[in-house]
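J.: Protein sequences, first through last, are from chains A and B.
Heads up, the first sequence is in this note's numbering, so the first residue is 1 and it goes up one at a time.
Heads up, the second sequence is in this note's numbering, so the first residue is 223 and it goes up one at a time.
Certain hints may be false.
[As the list claims (entries may be wrong)] Chain A is faced by these chain B residues, among others (derived, beta-carbon under 7 Å):
{"id": "1", "residue": "313"}
{"id": "2", "residue": "317"}
{"id": "3", "residue": "319"}
[As the list claims (entries may be wrong)] Over 10 Å on every C-beta distance to chain A, these chain B residues come out as not near it, computed from the model:
{"id": "4", "residue": "255"}
{"id": "5", "residue": "288"}
{"id": "6", "residue": "306"}
{"id": "7", "residue": "307"}
{"id": "8", "residue": "321"}
{"id": "9", "residue": "358"}
{"id": "10", "residue": "364"}
{"id": "11", "residue": "370"}
{"id": "12", "residue": "374"}
{"id": "13", "residue": "375"}
{"id": "14", "residue": "376"}
{"id": "15", "residue": "403"}
{"id": "16", "residue": "409"}
{"id": "17", "residue": "416"}
{"id": "18", "residue": "420"}
{"id": "19", "residue": "430"}
Keep in mind the hints are simulated off the structure, nothing from the lab.
Values in this document were obtained by computation on a predicted structure and should not be read as measured data.
Beta carbons are placed, not taken as given, at the ideal position from N, Cα and C, and that holds for glycine.
Residue-level listing of the chains:
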Amino acid sequence: MLNLDFAFFTPAVVSGYVLKGFVFSLQLTAIAMLGGIALGTVLALMRLSSKPWLTLPAAGYVNTMRSVPLVMVILWFFLLIPLVIGRPLGAEMSAIITFTLFEAAYYSEIMRAGIQSVARGQVAAGYALGMSYGQTMRLVVLPQAFRNMLPVLLTQTIILFQDTSLVYAIGAYDLLKGFEVAGKNFNRPVETYLVAAVLYFIISFSLSMLVRKLQQRIAIIR
Amino acid sequence: MNWDWQVFCKDTIDGNMVPRCFGGAGDITYLDWLLSAWGWTISVSLLALLVALVLGSIMGILRTAPHRGLVLLGNAWTELFRNIPLLVQIFLWYHVVPALIPPLRGVPSFLLVVLGLGLFTSARISEQVRAGIQSLTGGQRMAGLAMGFTLPQTYRYVLLPMAFRIVIPPLTSESMNIVKNSAVAFAVSISELTLFALQAQEETSRGIEIYLAVTGLYFITAFAINRVLHFVEQRVRVPGMIGGGG
Numbered sequence: 001m002l003n004l005d006f007a008f009f010t011p012a013v014v015s016g017y018v019l020k021g022f023v024f025s026l027q028l029t030a031i032a033m034l035g036g037i038a039l040g041t042v043l044a045l046m047r048l049s050s051k052p053w054l055t056l057p058a059a060g061y062v063n064t065m066r067s068v069p070l071v072m073v074i075l076w077f078f079l080l081i082p083l084v085i086g087r088p089l090g091a092e093m094s095a096i097i098t099f100t101l102f103e104a105a106y107y108s109e110i111m112r113a114g115i116q117s118v119a120r121g122q123v124a125a126g127y128a129l130g131m132s133y134g135q136t137m138r139l140v141v142l143p144q145a146f147r148n149m150l151p152v153l154l155t156q157t158i159i160l161f162q163d164t165s166l167v168y169a170i171g172a173y174d175l176l177k178g179f180e181v182a183g184k185n186f187n188r189p190v191e192t193y194l195v196a197a198v199l200y201f202i203i204s205f206s207l208s209m210l211v212r213k214l215q216q217r218i219a220i221i222r
Numbered sequence: 223m224n225w226d227w228q229v230f231c232k233d234t235i236d237g238n239m240v241p242r243c244f245g246g247a248g249d250i251t252y253l254d255w256l257l258s259a260w261g262w263t264i265s266v267s268l269l270a271l272l273v274a275l276v277l278g279s280i281m282g283i284l285r286t287a288p289h290r291g292l293v294l295l296g297n298a299w300t301e302l303f304r305n306i307p308l309l310v311q312i313f314l315w316y317h318v319v320p321a322l323i324p325p326l327r328g329v330p331s332f333l334l335v336v337l338g339l340g341l342f343t344s345a346r347i348s349e350q351v352r353a354g355i356q357s358l359t360g361g362q363r364m365a366g367l368a369m370g371f372t373l374p375q376t377y378r379y380v381l382l383p384m385a386f387r388i389v390i391p392p393l394t395s396e397s398m399n400i401v402k403n404s405a406v407a408f409a410v411s412i413s414e415l416t417l418f419a420l421q422a423q424e425e426t427s428r429g430i431e432i433y434l435a436v437t438g439l440y441f442i443t444a445f446a447i448n449r450v451l452h453f454v455e456q457r458v459r460v461p462g463m464i465g466g467g468g
């Protein structure tokens, strides 16, 4: 019954089908992480401000993104971006924009918790030294918030890496797609899905082990 | 931009308007299809939630047991189902498991998706249940054992009643996640909301109306689950505890 045959998985097949998708998955993860954290920090600062015209749009954006399934968000953007810019955009580019904007909502919740974890006296101390709001945030609060939240931000990035497989919905060529195409061409879908699962597992598991190590090392003793 | 909500009253085969929007006698309108897709989303979500709650609780409890083998089993379970993307797990259940285990070949894909989504979520629930049990002071367990309870009795009468109350808020958000995650079932042709969105959008070219309706139904479903669990949380709270009534 067990008719598994992995012999077709030659280096040529890996570089021909899988590598291209792998590179895209990594690119997508990296861009969405950096863009998402940057945008998420801005959203978090907006939500924590005392001005309703900043708080409300930020809260609305974050809550909307967080209550829609990611697959639907991917489909929405794939439908709407061409309407907005007036010309079709490739699935890959659309995925990059979608994930950056989507992940910003999740990163912003993490950053908000991080900023709130910094003692109030730190802000007062910044102002007392004559710093402006921007300087206090940039030089005093955000560095501590990042440090406190680094493990959580990285954990979210591992989830982001796993979620990139959902670009399947719009047919972008990512890691999973690479395996799928190889499986179809060699008529070995069972083997390719297995290898894909093992690869995703190894990457995510080893990264989460690293995050755990990091968590122990950077914990601030209070 | 001009709306065309009439699209939901169209027949799915010939595209003609059906009066009063609900097809009858073999005709199916997009509204009929949308509602049946909503039904599939709800069925997948609720059944998967059941699987996830049962298995997640068991694994979470095992991870706090004073026995290394059981802890190891619980940990391995959690890491396995947490570190493979949900979509890949669904493909494993759909393409790989029936190929490797022949008796499973006749199982409908609906059940395979329920299992896939349920096991994926059970890993997250086991993490929350474990954290809930470990958040209780160690004295509770010792007190139970000192009273002459066996270990299972200590869990049943001392630890779990408090631990489950503590984990209701994270379980609530996980239950809402399950509704959102059920969207991946489209990939194995379960006729749920996301597959409806994809296909109806293609057939009618009224993507925005279709997507708005689908997104709205996801919203409503997740919100309903939120309210139900909030009600449960209110009903079972223990007076005198933080978050409990007076």
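J.: None of the hints should be skipped; say for each whether it holds.
T.: So, going through the hints one by one against the coordinates:
With its C-beta approaching chain A no nearer than about 5 Å, residue 313/B sits inside the 7 Å limit, and its interface hint holds. Below 7 Å, beta-carbon pairs count as interface contacts, and residue 317/B has one with chain A at about 5 Å; its hint therefore holds. Interface restraint check: residue 319/B against chain A, minimum CB-CB distance 9 Å, threshold 7 Å, status violated. Annotated as non-interface, residue 255/B keeps its C-beta farther than 10 Å from every C-beta of chain A; the closest such distance is 17 Å.
Distance check for residue 288/B against chain A: the nearest CB is about 23 Å away, which clears 10 Å, and the non-interface claim stands. At roughly 5 Å, the least C-beta separation between residue 306/B and chain A is not larger than 10 Å, which violates its mark as non-interface. A Cβ of chain A approaches the Cβ of residue 307/B within 10 Å, the least distance being about 4 Å, so the stated non-interface status is violated. Separation of residue 321/B from chain A is inadequate, the least Cβ-Cβ distance of about 5 Å not exceeding the 10 Å criterion.
With a least CB separation of 23 Å from chain A, residue 358/B remains clear of the 10 Å interface cut-off, as annotated. The Cβ of residue 364/B sits about 28 Å from the closest Cβ of chain A, beyond the 10 Å cut-off, so the non-interface label holds. Against the 10 Å criterion, residue 370/B stays outside the reach of chain A, whose nearest CB is about 38 Å from its own CB. The claim that residue 374/B lies off the interface holds: its Cβ sits roughly 31 Å from the closest Cβ of chain A, which is beyond the 10 Å cut-off.
Every beta carbon of chain A lies more than 10 Å from that of residue 375/B, the smallest distance being close to 34 Å; the non-interface claim holds. Here residue 376/B stays apart from chain A, with its beta-carbon at least about 29 Å from theirs, past the 10 Å limit. Taking the minimum C-beta to C-beta distance to chain A, about 7 Å, the non-interface status of residue 403/B is violated against the 10 Å cut. Chain A draws residue 409/B into its interface by the beta-carbon criterion, the shortest separation being 6 Å against a cut-off of 10 Å.
For residue 416/B, the shortest C-beta to C-beta distance to chain A comes to about 5 Å, within the 10 Å cut-off, and the non-interface label is violated. Not every C-beta of chain A lies more than 10 Å from that of residue 420/B, the closest at about 7 Å, which undercuts listing it as non-interface. Listed as a non-interface residue, residue 430/B fails to keep its Cβ farther than 10 Å from every Cβ of chain A; the least gap is roughly 7 Å.
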